[in-house]
Amino acid sequence: MNGKKKMIIIGGGPGGYVAAIRAAQLGAEVHVIEENRVGGTCLNVGCIPTKALLHTAKIFHHLKDEEKNGLIIDSSSVDMDALMARKQQVVNRLVGGVEGLFKANSITLHKGHAVIKADKSVIIDNKETLKGDAVVLALGSRPVVIPFAGHNLPGVIDSTEALDLKELPSAMVIMGGGVIGIEFAYLFNALGVKVTIVELQPRILPTIDEEITKILQKEFTAMGIEIKTNAKLLSAQQENHALAVLVEENGQTSTLSCDKLLVAVGRTPNTAGMQLEQSGISMNRAAIAVDSNYMTSVRDVYAIGDCNGKIMLAHAASAQGIDAVEHIMGHKVTRSGDIVPSCVYTFPEIGAVGQTEEQLREAGTTYQVGRFPMAGNGKALIEGTESGLVKILTGARYGEVLGMHIIGSNATDLIAEGTLAISAELTAADLVAAIHPHPTISEAVMEAAHDVLDGAIHWPPSRKK
Amino acid sequence: MALEIKMPTVGLMMETGLVAAWYKNEGDKVEKGEVIAEMETEKMSSPIEAAGSGVLLKIIAPVGTELPPGGFMGYIGEPGEEIAVSVVQDEAQKGAVDLQQDRQMESVNFIRISPLAKKIAKENNLDYSRVTGSGPMGRIVAKDIRETVANRKTCVVPVTMPIPGIEDSYLPYGGIRKSIGENMLNSWLTAPRVTHFASVDSTEMKRVRNQFNLGVENHDKASVIGFLVKIVARAIEGYPVVNASLEGTQIHRHGAINIGVAVAVERGLLVPVVKNANKKSLLEISREIRDLSGRAKNNQLAPEEMQGGTFTVSSLGAYDSVEYFTPIINQPESAILGIGRMMDTPVAINGEVVIRPMLPLSLVFDHRVIDGAPAAEFLRLVMDVIENPMKFLL
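Chains as they are written, first to last, in the numbering used here: chain A, 1 to 465; chain B, 1 to 394.
Please note that a few of the clues may not be correct.
The calculated lysine to any residue pairs, modelled on SDA-like cross-linking and capped at a C-alpha distance of 20 Å, are [as the list claims (entries may be wrong)]: (1) B:K143 with A:A424; (2) A:K120 with B:E284; (3) A:K332 with B:K32; (4) B:K221 with A:A434; (5) B:K280 with A:S423; (6) B:K275 with A:S423; (7) B:K275 with B:G248; (8) A:K332 with B:K279; (9) B:K143 with A:V78; (10) B:K297 with A:K5; (11) B:K279 with A:V298; (12) B:K118 with A:A434; (13) A:K5 with B:V208; (14) B:K221 with B:V208.
Everything labelled a hint here was simulated from the structure, so no lab data went into it.
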């Protein structure tokens with residue numbers, strides 16, 4: 001082939017923009033089409049703005065504890081305008097950073113709505129037509145809308161709207177106890193809002209190891225967050241200035257009064273209206289069907305990130321983007337694999353990777369468990385997260401790490417060790433053999449690995465497990 | 001202080017070097033720059049010079065020892081200088097390992113392998129130094145070891161096998177085993193079959209396939225079976241007589257060319273179907289077979305992926321044993337092509353004996369539908385395509 005490969009990437013989120021940069025590194029001529037701002041959901045209305053708000057909420061939450069520790073605080077309150085402005089500042093800076101990276105890598109950014117045609121050409125806003133050697137669909141996802149009675153009342157909001165509230169409600173009901181719902185519950189509760197979570201499943205965070213979620217549930221209850229599980233939201237009604245939310249719990253219905261009802265029941269691939277099937281692209285319901293190289297049923301058309309419905313996480317989208325682009329360019333594919341950590345940015349935080357104990361039991365795998373309570377860790381004690389836990393699951397035969405589940409402060413950073421352990425096929429003995437710095441919370445990981453083998457050092461044998 | 005004498009690195013590809021000669025004995029005086037020993041690789045030999053002056057204190061690696069680059073051969077030092085024995089032994093263990101003997105365990109060759117993979121290899125007593133790693137930078141991961149162990153179990157029969165008390169055992173005849181059995185019996189009782197055997201020169205096919213695969217990622221390489229499915233589909237296009245089923249009072253000559261590929265699975269045999277194989281590219285067919293047979297082995301095939309076949313190909317080539325065989329026709333199809341192992345064979349071409357890779361073919365057909373002569377013509381066409389793939393497939 002003469003000259004550079006030309007690659008067209010639809011969507012500039014964490015899947016699309018990372019793919020674009022990797023493609024430029026490998027020598028392609030890259031075009032990215034984005035209808036809003038680059039950075040996608042993650043940078044604009046997802047990971048980054050929520051974490052910016054959570055950062056301040058956590059400090060506000062901790063101020064109350066620090067009064068016991070000798071810090072005298074005359075008064076403290078929340079300035080919503082300043083909070084939102086700071087959030088936007090962080091977002092703008094990161095979006096600007098991505099745009100800067102595009103320029104530095106000579107990536108062309110087109111603004112507009114793109115559709116792909118059967119001949120693999122891409123049309124932007126019915127005007128400009130681009131044709132390349134390969135097309136990468138990085139369309140992302142949007143919040144699922146549940147059509148219950150009253151779902152379009154003004155007080156019913158989704159996660160995007162929750163990030164842009166002008167003033168704090170006095171009471172909020174959150175539909176959905178998944179990661180998004182749980183983080184918002186912590187955020188608004190910490191800022192002084194009365195929060196009730198309504199979750200259809202028997203427990204919150206159903207994909208996280210149950211032992212971990214039980215600890216979070218206890219912490220949440222102690223903070224004053226009300227959690228209703230096995231509970232179905234039936235309808236919402238406007239009553240004067242408030243919303244009356246009808247909930248069915250164990251066959252009994254009750255009414256919750258709130259100012260805002262946040263619907264956070266998951267996300268769905270952003271494929272509606274893209275006319276993908278007309279271009280011969282096979283779908284799995286709303287998700288784009290792909291093979292192990294993220295190629296769709298149409299040759300040279302790839303789909304990465306949320307829109308293929310595999311793993312709806314920003315870091316998974318980025319990894320898939322890199323793999324797909326390397327495959328297109330005929331480069332050796334990194335193949336990041338399917339060891340994807342997940343994080344919950346509450347306080348305490350949760351970091352999880354690999355299999356949960358429930359999954360191992362269900363699969364009939366014989367395994368061993370090592371636990372280390374944060375109450376045995378000096379740094380955790382100092383930071384006031386002694387209710388936390390590190391739990392390591394290993395294969396019974398070889399001792400390889402199968403899962404790591406952490407609740408406590410810094411859990412979202414600590415879990416990187418678990419991801420490395422699983423993807424590098426390390427055993428509990430390898431984790432023990434690595435010296436962990438003192439005093440840090442990371443020692444709890446080493447201790448949990450000790451516990452898998454012969455018992456933790458800083459925990460009495462009789463009380464262990 | 002004692003100076004180490006190390007095996008030099010000669011050429012980028014050097015894995016080990018052999019100590020070919022020592023020109024000095026322990027205790028002899030050596031001068032800096034003096035040739036004291038000789039090493040050789042498979043490709044070349046090279047003198048080893050003393051890195052400093054003194055006496056040859058100790059020879060750790062005697063003539064005939066194979067060492068990796070950097071392996072310890074001995075020490076130069078002051079006359080009478082003591083080298084702590086433990087150091088010598090330690091270095092000897094670390095460096096002067098007899099690779100033939102101890103290559104498999106704590107070898108000095110740095111082998112990228114995960115701790116889990118290492119444990120599984122050790123438990124199965126497997127020499128992992130020869131396993132190709134599929135992890136980052138060629139690191140050997142658990143999957144590689146598991147696959148090697150599994151292949152070893154299926155391919156290698158130990159010469160001396162301890163015979164424990166041999167007891168009778170009873171295996172259930174049901175499920176997939178029974179359904180295979182019934183299909184076989186049904187076909188056997190239904191079709192009066194004849195088999196044509198032929199051996200075909202596959203030099204060109206090999207060459208074209210190698211060319212096609214040049215620089216292609218492993219997972220996208222054209223397999224032999226993929227190539228043969230493509231060839232058979234092409235031959236059926238030219239001679240559709242064999243692509244038929246007997247249906248009551250009619251012989252149904254199929255418009256679609258759907259090639260079944262027999263896949264051995266743990267509990268028996270499955271035949272996933274490559275639909276419209278004549279309309280697919282070699283790459284598409286190879287990918288599809290790789291995907292189908294992978295999922296067949298994991299029991300993940302949907303029933304419709306094993307239906308609708310119009311002709312079947314069954315290859316035993318990978319077992320490196322069978323040449324000709326008489327596979328049973330997959331009803332309601334009318335023919336099946338058996339492929340044996342490709343073998344370098346002396347053949348006469350233009351009055352001269354030359355060695356050619358010959359591929360044995362066995363065409364089994366249902367004589368109710370296909371007669372011997374047309375079957376022979378079809379087989380000739382298959383052979384033509386194998387002999388001249390460029391002419392027919394481009």
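Okay, the hints, checked on the actual structure:
A hinted pair counts as satisfied when its Cα atoms are at most 20 Å apart, and B:K143 with A:A424 qualifies at roughly 12 Å. Distance check on the hinted pair: A:K120 and B:E284 sit about 19 Å apart at the alpha-carbon level, within 20 Å; holds. For the suggested pair A:K332 and B:K32, the alpha carbons sit about 47 Å apart, so the restraint of at most 20 Å is broken. For the hint linking B:K221 to A:A434, the alpha-carbon distance of about 41 Å lies beyond 20 Å, and the restraint is violated.
Taking the CA atoms of B:K280 and A:S423, the gap is near 37 Å; set against the 20 Å cutoff, the hint is violated. Between B:K275 and A:S423 the CA atoms are separated by roughly 37 Å; this puts the pair beyond 20 Å, and the hint is violated. Between the alpha carbons of B:K275 and B:G248 the distance comes to roughly 24 Å, so the proposed pair goes past 20 Å and is violated. Note on A:K332 and B:K279: the hinted pairing is violated, with a Cα-Cα distance of about 29 Å set against a maximum of 20 Å.
For the proposed pair B:K143 and A:V78, the alpha carbon gap of about 54 Å is over 20 Å, so the pair is violated. Taking the CA atoms of B:K297 and A:K5, the gap is about 37 Å. The hint is violated against a cut of 20 Å. Of the pairs offered as hints, the one joining B:K279 and A:V298 holds, with about 15 Å between alpha carbons and a cut-off of 20 Å not exceeded. Restraint check for B:K118 and A:A434: satisfied, since their Cα atoms lie roughly 18 Å apart, inside the 20 Å limit.
At most 20 Å may separate the alpha-carbon atoms for a hinted pair to count; A:K5 and B:V208 exceed this at roughly 26 Å. For a cut-off of 20 Å, the pair hint linking B:K221 to B:V208 stands: about 12 Å separates their Cα positions.
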